[in-house]
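Line order of the protein sequences matches chains A and B. Residues 1 to 412 (the working numbering) are what the first sequence spells out, left to right. Residues 1 to 176 (the working numbering) are what the second sequence spells out, left to right.
Treat the hints loosely; a few may be bogus.
Stated by the list, open to error - The following residues of chain B were derived to be distant from chain A, with all beta-carbon distances above 10 Å:
1) Met1
2) Glu4
3) Gly9
4) Asp17
5) Arg41
6) Phe60
7) Thr66
8) Lys84
9) Lys89
10) Asp101
11) Lys103
12) Gly147
13) Lys164
As the list claims (entries may be wrong) - In silico DSBU-like pairs for lysine-lysine, Cα to Cα no more than 35 Å straight-line:
14) B/Lys11 x A/Lys245
15) B/Lys133 x A/Lys329
16) A/Lys213 x B/Lys29
17) A/Lys245 x A/Lys272
18) A/Lys174 x A/Lys329
By construction, these hints were calculated from the structure, which means they are not laboratory data. A virtual CB, placed ideally from N, CA and C, is assigned to each residue, including glycine.
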Amino acid sequence: MNDDPTFIIPVGPVHPALKEPIQLVLTVDGERIVGVDVKCSQVHRGIEWLGMNRNNPIQSIYLSERVCGICNVCHPYCMVMAVEEAAGIEVPERADYIRTIVAELERIHSHLLWAGVAAHEIGFDTVFHYTWALREEIMDTIEYVTGNRVTKAIMMIGGVRRDITTERAERIKKATAYYLENFQKIADIFLHDKSIKMRTRNVGILTKEDALKLCAVGPVARASGVPKDVRQDAPYGAYAELDMKAITPDMYNGEIVGDVYDRIIVRLLEVKQSVELINAALDNMPSGEIVAEKNLVKLLAMLKRADGEGIGRVEAPRGEDIHYVRLEKGKEPFMSWKIRAPTYNNVLPWIPMLLGGEIADVPIVAASTDPCMSCLNRVTVVDESRNREFALTKEMMHEMSIRKTRRLMRND
Amino acid sequence: MKVEDIVNGLKSRFECDVKVQSRACGTKKIEKRDIYARLRREDFRKAVEYLFEIQEYLHFSVISATDLGNDMELLYHFTVDYGKRNEEKVVTLCVSLPKDDLKIESITDLIPGALISEREIHEMVGVEFIGLKDTRHFFLPEDWPEGKYPWRRDETFPEDMLNKLYETWKGGDENE
């Protein structure tokens, strides 16, 4: 018989809160979490290897689009920027604006998707359905503008593949007006509802110092008071000349706690910011070409002759995304390709966020970083001292989370 | 801090080859400028410490690796001056390591956020990070064969596992 009062709970690889596989190994003492370890070996698909050994650079654009279903603009965006820099290709001004608009449309859909998931995690399914119903407008707009709801296939080395015509611009304007009209409603639900506040205030706190030390990025870092946003910090696309400032929670209520609630504030305000950026970009969009080289055979030949390296950085909905590409003269595939998605940096901050918390808070805390990895099914609880194992299903964990919400509401 | 100051700072302190790459964007052609410094291995740690003089909490993005044949080149991408409009720069410190001596000091004591990246390079390329406490696999499975490195272009690349990874799994179903 072991006297150690702690238990080990592996959460995942199919995870309670996330829609993608990752494993959290939690050591718990009763309900309190006292140790956290993360394992990510479930879905490494070797995308970089394919780009370095099998694909030509144009094929790699479509491959990079499939790094992530949600961020299917920012990965190819990063990659084409890195290739353009390595090969010395100049992008037409209009293409910079179109890229910016498409990237912002993606941010709106991604943040609303996240808000819905977060509501579901705390057992508030009415809000989940309401948010996702609102999200349909942006999905329809994306389909109208790019031809597809999900993989938009709009990026090309040296520009974009499709123009934003007057009709498409009008459709986007209709969608931005719709969100400005409905923004207050979503903000009211998420920021003033009592049960959401109870489950998210002072939960999963990440201090500013931890955010900086662990190199957190995106809304997670900003919610902890680090004003870091690639759109504001480094010039790319049309952002350098549009009005852009990193959003921190103190802009809304004058204080920074760094908890789940602050992450909600940051993402909601960013939806509004994206709407404003899209409107400004549409109003200031220059006319002209949309791609530097239309002939793909010529483009490939040019890339084959190129020799150099480049870095592409984009603020994805989840934070800084960076690609490094090196081209070697005489060879089609990349000599070197490194992709670093924002969640890569936002995994380590889970440890201070979860330490000291409760098991029922795991789904919402993990979901609050908006990890981009896909659907939880069950969790195995290992009771070390009694040497037995039992499975904790997603439904049970979800139920625990709902019970906690109800308990808090009764006590209030 | 200006790009030129960082370049001069690096050049005056270390024996290194520094390159600045720029790219303009939008209608106003505002430039983004990235710094690449190719250093000797023994100066690397001091160069990171120098970057800390520019930025109290240096932001670390990731480590990239390139197989150069006899050497592996590691590229550490850092950024400085975040939070200032259009002022942030990527500073990439590049170090070439001979393949028969793939060792470099860990920076996880200076930047705890570099842990995942060092573990990734350790398993994918086979670099030993001196001082790295946690050397378990992060992206590769726990039973990955020793001495096989998927990101290298030499005999250590697991050619026999290509396109038939499932056959190499231990404990698979024998009847399949």
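Going down the list of hints, with the structure as the test:
Every C-beta of chain A lies more than 10 Å from that of B/Met1, the closest at about 14 Å, which supports listing it as non-interface. The beta carbon of B/Glu4 sits about 18 Å from the closest Cβ of chain A, which is more than 10 Å, so the claim that it is off the interface holds. Listed as outside the interface, B/Gly9 is consistent with that label: its C-beta sits roughly 20 Å from the nearest C-beta of chain A, beyond the 10 Å cut-off. Taking the minimum C-beta to C-beta distance to chain A, about 13 Å, the non-interface status of B/Asp17 holds against the 10 Å cut.
Every CB of chain A lies more than 10 Å from the CB of B/Arg41, the least distance being 19 Å, so the non-interface label holds. Listed as outside the interface, B/Phe60 is inconsistent with that label: its C-beta sits roughly 5 Å from the nearest C-beta of chain A, within the 10 Å cut-off. A beta-carbon of chain A is positioned within 10 Å of the beta-carbon of B/Thr66; the least distance is around 4 Å. For B/Lys84, the requirement that its beta carbon stay farther than 10 Å from each beta carbon of chain A is not met, with the minimum near 7 Å.
Residue placement check: B/Lys89 does not keep its beta carbon more than 10 Å from all beta carbons of chain A (closest about 8 Å). At the 10 Å boundary, the C-beta of B/Asp101 stays outside the reach of chain A, the nearest C-beta of that chain being 21 Å off. Every CB of chain A is more than 10 Å from the CB of B/Lys103 (nearest about 21 Å), matching its label as outside the interface. Here B/Gly147 stays apart from chain A, with its beta-carbon at least about 18 Å from theirs, past the 10 Å limit.
Listed as a non-interface residue, B/Lys164 keeps its Cβ farther than 10 Å from every Cβ of chain A; the least gap is roughly 14 Å. A hinted pair counts as satisfied when its Cα atoms are at most 35 Å apart, and B/Lys11 with A/Lys245 qualifies at roughly 34 Å. Pair hint B/Lys133 plus A/Lys329 does not hold up; C-alpha atoms about 39 Å apart against a cutoff of 35 Å. A hinted pair counts as satisfied when its Cα atoms are at most 35 Å apart, and A/Lys213 with B/Lys29 qualifies at roughly 34 Å.
Of the supplied pair hints, the one linking A/Lys245 and A/Lys272 holds, its CA atoms being roughly 12 Å apart against a limit of 35 Å. Note on A/Lys174 and A/Lys329: the hinted pairing is violated, with a Cα-Cα distance of about 47 Å set against a maximum of 35 Å.
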